[in-house]
Amino acid sequence: MVEFNGVGLRYGPDAEVLADISFNLQPGSFYFLTGPSGAGKTSLLKMLYLAQRPSRGIVRLFGEDLVAMPRHRLPGFRRRIGVVFQDFRLISHLSARDNIALPLRIAGVSEEDLSGPVGEMLSWIGLDERAEARPATLSGGEQQRVAIARAVIARPQLLIADEPTGNVDPEMAMRLLGLFEALNRLGTTVVVATHDVHLISRIDNAQMMRLEKGRLADPTGALRYPPANRI
Amino acid sequence: MIIPRVPVQHRRLLPDHRLSGPTPWVIAILMMLTLLAAAAGVGLARSANAIGAAIAGRVTVQIVTANPVVRAEQAAALRRRAAAQSFVRSARSVDQQELRATLGQWFGSEEGGGGDDPVLKSLPLPALVDIDFVGEDRAGHMQALRTLVAEEAPGARIIPHAEWLGPVAQLIRSLAWVAGALVVLMTLASAAVVIMTARAALGTHYATIEMLHLIGATDRQITRLFQRRIAIDTAYGIALGSVVAAAILLLIGWQWSGVTSGLAATASLGPTGWALLLALPLLAIALAALTARQTLLAALKKIL
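Keeping their order, the protein sequence lines are chains A and B.
One point on numbering: in my numbering, the residue at position 41 of the first sequence is 41, and numbering is uninterrupted.
Numbers in my numbering are just positions in the second sequence, counted from 1, shifted up by 1000.
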C-alpha cells in the first residue's frame, strides 16, 4: 500500500526534519503515529497525503513511485486518499453539506448520486439539522465532524487523520474512532496521528509508529518488514 | 471556450462577489480608451488615405500671362489639349467667379461670396487649370504635361497638390500610427490587469485551492473555476467600457456630420472601421480569458 525507504525531508537549506524513514503500510491495517510535538508527524503525514515530495529516498504508493511521478498524475492518487486535517480546512463560504460533498463533486459524481451518501454522512455525524450551516457558525467539534465526513465520504483506500479527536468530547471521539475502525474493516488503511494514549488502546491490532527527532522508532523492524512481508 | 462551462455546484467553490473588486472598472476604462483610440486611428488613417488618393494625381497649372484675353485663351487651349491626352483623367478650368468667391472668403466682400465685388474684380487673377492624372506613372505624366504646358502656355507654373498637402497627409498618417500604438499599449495594460487579477485571486483563495488540490482536483478544474470568474468580470467591464465608448463615438459622429469642409470632412470610420470596433471587445474578452488561463496554469504548476 505505502512504502517509504530511506526517506529524508528538509525544508530549504536547513537540517532534515525527517531522516531515514523506512516503513511499509499494509493494506487494511490500522496505524497510530505518535511522538512529541516537533518530531515531524505532520511532515510525515504531508508526504503521505502527497502535499510534499521527499528530499531523498523512495516513496511508493499503491505500487507506484511517487518521487518521480509527473505532477499531472497526482490528483488521481489523491482521490484515493482521505485526509482529516488538524485545523479542519473547511471551505468557509460553503455549507457543511457542500463541504462534505466536495470530494465527490471533484471526482465528477452527479448531484443525483451524491445526495444520498452526503445525507447519510450528515446523519451519522449528527449534523443533518445543521446541513446548511457555514463552518464559522459550527462549534469546533462540529467542524471536526464535518472534516472527518469529508475525508471518508469517497471511501478512500488510505485514510490519514491528524489529531482527529482533538476538538471533540470523549463520546464523539469514540464514535469517530468507531467510524475509522469500520472503514478499516472494509479494507481502508488508516493512519491516525495522535497524542491520545486512550485512543490507541481502543483499537485491537493497531500498530504504533513513533517519531522522535525526525526518526522513526522501529526497534523490532516490524514497520519496515511487516510479518506478511517476512513470509 | 472563452467562458468555460462549470457546473453550478462547482461555481460555489468561489465566493460570489461579482463586480466587487476594481478589475471590471479598470477594464471598463481601458476598454473605453482603447475603442476611442482605435476609432481615432481608423478615422485618421482613412482621412490620410482619402487625402493621399485625392492629391496624389492632381496638379494645378497656374497661367500668369499679363494679358487677360491671351491668358484665358491659353487656359482654354491647355484644358482642351490636356483633356485629349491619354494620361489625363480630367481637366477643368477654374472659373474666375469661383476664384473670386474663394478670395472673397479671405478678403471680405460686400456681397459675401465676392463674385461680383468690384475690388476683387479689379485684381489680376491667374487662370487655373486643374488636371487629374490616370495611373501611377506620376513622373512620366508630369514630363508630358510640362511639354504640353510649354507649348500652350509658356511661363505657366505647374503645382503638384501632393507637394503642399503631402506633409499634412503624412502628419495625419503619423497620428493614426500613434493611435494604433495606443491601442496596443492599452491592450497590453488590460492583459497586465488580468494577470494581476488572476494572481490576486489565487492569493486570496489559496486555502481553497490547496484544499481542492489535496482532495484530488486537477489544475484544469481549478483553472476553469477562476478563468470563468475572471472572464465574466472582465466581460462586464468590457461591455460597460464599450457602451460608454459607443455613446461617445455616436455623439462625436453626430457633431461631425455637420462638418463638411476641408480635411475634417474626409474623416469617417467606414464599414471596416465599425467592424473593427465591434470586434475589439470580443477580442478583448478572448484575450482576457486566455491570459487568465495561462497565468493560473503557470501559478498552479508551482504548487505540488
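Some clues are possibly wrong.
Unchecked claim - Calculated pairs, BS3-like style, for lysine-lysine (alpha carbon to alpha carbon, straight line, at most 30 Å): (1) B:Lys1301 / A:Lys46; (2) A:Lys46 / A:Lys213; (3) B:Lys1302 / A:Lys46.
Quick caveat, the hints were computed from the structure, so don't treat them as lab data.
These are the hints, each one checked on the structure:
Only pairs whose Cα atoms come within 30 Å are accepted, and B:Lys1301 paired with A:Lys46 is accepted, the gap being roughly 18 Å. Of the supplied pair hints, the one linking A:Lys46 and A:Lys213 holds, its CA atoms being roughly 17 Å apart against a limit of 30 Å. This hinted pair checks out: B:Lys1302 and A:Lys46 have alpha carbons roughly 17 Å apart, not beyond 30 Å.
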